[in-house]
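Chains E and V, in that order, give the protein sequences. The opening residue of the first sequence carries number 191 in the working numbering; numbering runs sequentially from there. The opening residue of the second sequence carries number 22 in the working numbering; numbering runs sequentially from there.
Please keep in mind that the hints were generated in silico from the structure rather than gathered at the bench. Careful, some of the hints might be misleading.
Mimicking BS3-like on lysine-lysine, the simulated pairs with C-alpha atoms at most 27 Å apart in a straight line are [unchecked claim]: (1) V/Lys239 x E/Lys346; (2) E/Lys346 x E/Lys440; (3) V/Lys124 x E/Lys424.
Reference listing, derived: stretches of chain E covered by chain V, where coverage requires no fewer than 3 residues with Cβ under 8 Å from a Cβ of chain V [to be verified]: (4) 323-337; (5) 340-351; (6) 355-366; (7) 417-425; (8) 438-451.
Cβ pair distances, simulated, as ranges [to be verified]: (9) V/Glu150 x E/Phe239: 33 to 39 Å; (10) V/Ser471 x E/Ala413: 38 to 44 Å; (11) V/Ser384 x E/Glu315: 52 to 58 Å; (12) E/Lys310 x V/Ile30: 35 to 41 Å; (13) V/Glu346 x E/Lys341: 31 to 37 Å; (14) V/Gly117 x E/Gly406: 31 to 37 Å; (15) V/Asn401 x E/Lys341: 43 to 49 Å; (16) V/Lys97 x E/Gly363: 47 to 53 Å; (17) V/Leu32 x E/Ala413: 30 to 36 Å; (18) E/Lys341 x V/Pro445: 32 to 38 Å.
Everything numeric in this text was worked out from a predicted model, so none of it was measured. From the three backbone atoms N, C-alpha and C, an ideal C-beta is built for every residue, glycine too.
Listed below, chain by chain, are the residues.
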Amino acid sequence: MGKGWCLFFLFWPVAAVVSCAAAPFIGWSFPYDNAQAASNLGIRIDHLFYLILAITAAVFIGTQAVLVYALWRSANNRDERAQHTHGNHKLELIWSIIPGAILLFLALYQMNLWADFRFKNHYPEAAVKDPLAEVTARQFEWRFRYPAIGKQLQPKPQPDDLYTVNELHVPFGKPVLIQLRSDDVQHSFFLPALRIKQDALPGLQIPVWFEANKPGVYDLVCAELCGWGHYKMKAHVIVEPEEEYQAYLKNLTQQQSYDGLGQIAANENGSESEAAEK
Amino acid sequence: MRFGYRHFILLLLFPVLTIAGCEQPKVEFIFSEKTNELMPAAAKPVKEALVREFGNPLALTQFEGLPTKFGDVEGKVKSVEATGAEAPLIRFQATGLENVYDKLQGLPLEWTSGKAQGQVSRIKEYNFETGMIAVEKAADIAPQPGDTFLVECTRLQFGRDLYNRHCMHCHGMSGEGTGPTSRYLNPPPRDFRLGIYKYTSTKSTDKAQVQDLERTVKEGIAGTYMPSFKLLTEDEVSAIVNYVIWLSIRGETEKKLVDELFLDFSKETFAERTSEAGGETPEEIDEELKEYMELDFPDTLDFATSSVAEAWEEANREEALVIPESPRVPDSPESRERGRQLYLSNKTKCATCHGPQGRGNGSATHDFWTNPVTNTKYPNRGLHDIWGNQLPPRDLHRGIYRGGRRPIDIYRRIFAGIKGTPMPAFGSSALTEEERWDLVNYVMSLPYSSN
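Isolated chain E (complex conformation):
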């Protein structure tokens, strides 16, 4: 092995470390707003991620340094033959116990976060009592069903429920819970900005809660390859102040009861231009 190969193998770990370190500063890291999650739970998940990243980075740099050192030494010294050894009990104990301890630490460290994220008895009570909407994933769109204003979401559709597609409005500053369903195959409800991801399974209704910590328009995408149109399964989650959210629901109610006469307010994307024109 020549020195050229040593440099070649040195280049990639260095490039990996440099690009990882630079990622948050050049927009290659987590999405939105300087890589800061748009939910408090998301920020805690990010901390956990960075902790794991720091540990793995230390291990990665250490092992790569040893590897390159070994390569470089043998490239410099062509006369010395490699020596065969039959293992080292002490060494094996060390490199089993240290990763084991790290894994144990991580398992204990993340327990609270995992419980808050996934255990229903840890969910915010208000959100569980009054779910916001039912979200149905289907090839290849997201359909939403809200209860009528002032009513609670029922497991079965009600005559005055409100329906929309690919546009979920959410009030700002309070935890919300959605009931996630799938109409056909397995999909995955993924809000990258809020670090929320949950598979949607046919036949199951899965509660998912989240709380956005700043208003905005966030992407909702499908994170499970669900068929040929998977790439187009995108929606927006619009986080807005409570008053705007209520106004949106009112507008939706008006639109949904439109009987072709009189005026109704146009919605944001102008799909009611017919009514507006008259």
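Model the placement of chain V on the given structure of chain E, informed by the hints.
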């Protein structure tokens, strides 16, 4: 092994080899099956006329008077780059194109002032960022600062690009509904070439309004594989719909031309006419066809294009829209009961198809029906649409409303029927306005009834 020059070259070659072969295949609009069943001498002028009037996917054209936007944009030459005598292209900086579609390469550019006035150049290169255009050098093309020009077809081309990205794999390159994924879908994607769309806000004899198609693109069609494209911008949706209507008009024009010729000049008729029983010689038929092509075909083409264009234009008039005369009758148990009686009555015969309980299993689903186009019986029991697909009447208990779930949407389905399907229009029937609303109330209550 040393990391030599040869290895480095191999590493570099890998991505080059991967990218090679990604060249865009040559694409063309396909002609209908019926066109290909014409005698070759009859099919040829039809195909030529279609290519002349509509071009092909890479060079779209549009005849005058069509209601779709071709997209002419006016530009002005700001400065011309000095080039050597050997250079094959003339480059110039243009203004006025800042807000238009960014892929102008390949489009025709018509000079409207200056020395080259009236001449057409093709855009060979276009840089959206700098506004630099390059056209082929020609003896009579010598742009000067201040010269004006039109770039044609920007709107249609924008729509085409979006259509090819989002719609083509189901609806097909020519809007024929047989894109690569169509074979896996039920219901199958719509064949646009008949110019018929099911869920419209217009009367039964009118075509779809532009808004109807835009609504379908934005909201999708619940219960089918047509997804919602709500994340596209208004401009993109409108460009797609513009192109879809253009594809429909192309298909309808083709159909009208072929229908005129089919009876006398199809391959099958030719065989019949030249058989012993027919008693005509191929020369006689050729002569007749030649005469028809010289005398009547130009008029037929003119009529086909103008009548289709007119129908699309008329659909956007306010009179074409179905607007109830009175507001919705309040949704009460009494109104629903009146609606139920109507539903079961002979006046509407809803139960014949949708079944006595609205489960979509009426007696009509057990009969063999006749195809109104071919006048032959369908091989399967039950109702069919004009595209030839078996069409079970809707189960009204499912709460899935393909054409929209607003009361006005259901009202319009009842008033104008569903185009291209056996669902009849009750707009001009003996039903009163109140009765239509009673029916709407009953139909909308069914998904929540205990029955």
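Now for the hints, and whether the structure bears them out:
For the suggested pair V/Lys239 and E/Lys346, the alpha carbons sit about 26 Å apart, so the restraint of at most 27 Å is met. A threshold of 27 Å between alpha carbons decides the hint, and for E/Lys346 with E/Lys440 the separation of about 22 Å falls inside it, so the pair holds. Proximity of V/Lys124 to E/Lys424 is assessed by CA-CA distance (about 25 Å); at most 27 Å being required, the pair is judged to hold. For the stretch 323-337 of chain E, the proposed coverage by chain V is satisfied: 4 residues have a C-beta within less than 8 Å of a C-beta in that chain, meeting the threshold of three.
Coverage of the stretch 340-351 of chain E by chain V holds. Counting CB-CB distances below 8 Å, 3 residues qualify, and the rule asks for three or more. For the stretch 355-366 of chain E, the proposed coverage by chain V is satisfied: 3 residues have a C-beta within less than 8 Å of a C-beta in that chain, meeting the threshold of three. Residues of the stretch 417-425 of chain E lying with their CB closer than 8 Å to a CB of chain V number 6, which satisfies the three-residue condition for coverage. Counting residues of the stretch 438-451 of chain E whose CB lies closer than 8 Å to any CB of chain V gives 7, which reaches the minimum of 3, so the coverage claim holds.
Against the hinted window of 33 to 39 Å, the Cβ-Cβ separation of V/Glu150 and E/Phe239 comes to about 37 Å, which satisfies the hint. Distance hint for V/Ser471 and E/Ala413: a CB-CB separation of about 39 Å, consistent with the stated range 38 to 44 Å. Taking 52 to 58 Å as the suggested C-beta distance range, the pair V/Ser384 and E/Glu315 conforms, at roughly 54 Å. The given range of 35 to 41 Å is broken by E/Lys310 and V/Ile30, whose C-beta atoms sit roughly 60 Å from each other.
The given range of 31 to 37 Å is respected by V/Glu346 and E/Lys341, whose C-beta atoms sit roughly 33 Å from each other. A C-beta distance of roughly 36 Å is found between V/Gly117 and E/Gly406, which places it inside the suggested range of 31 to 37 Å. Under the hint 43 to 49 Å, the C-beta atoms of V/Asn401 and E/Lys341, about 44 Å apart, fit the expected range. Between V/Lys97 and E/Gly363 the beta carbons are some 52 Å apart, a value that agrees with the proposed interval 47 to 53 Å.
Range check, V/Leu32 to E/Ala413: Cβ separation about 33 Å, and the 30 to 36 Å hint holds. For the pair E/Lys341 and V/Pro445, the supplied restraint of 32 to 38 Å holds, since their beta-carbon distance comes to about 37 Å.
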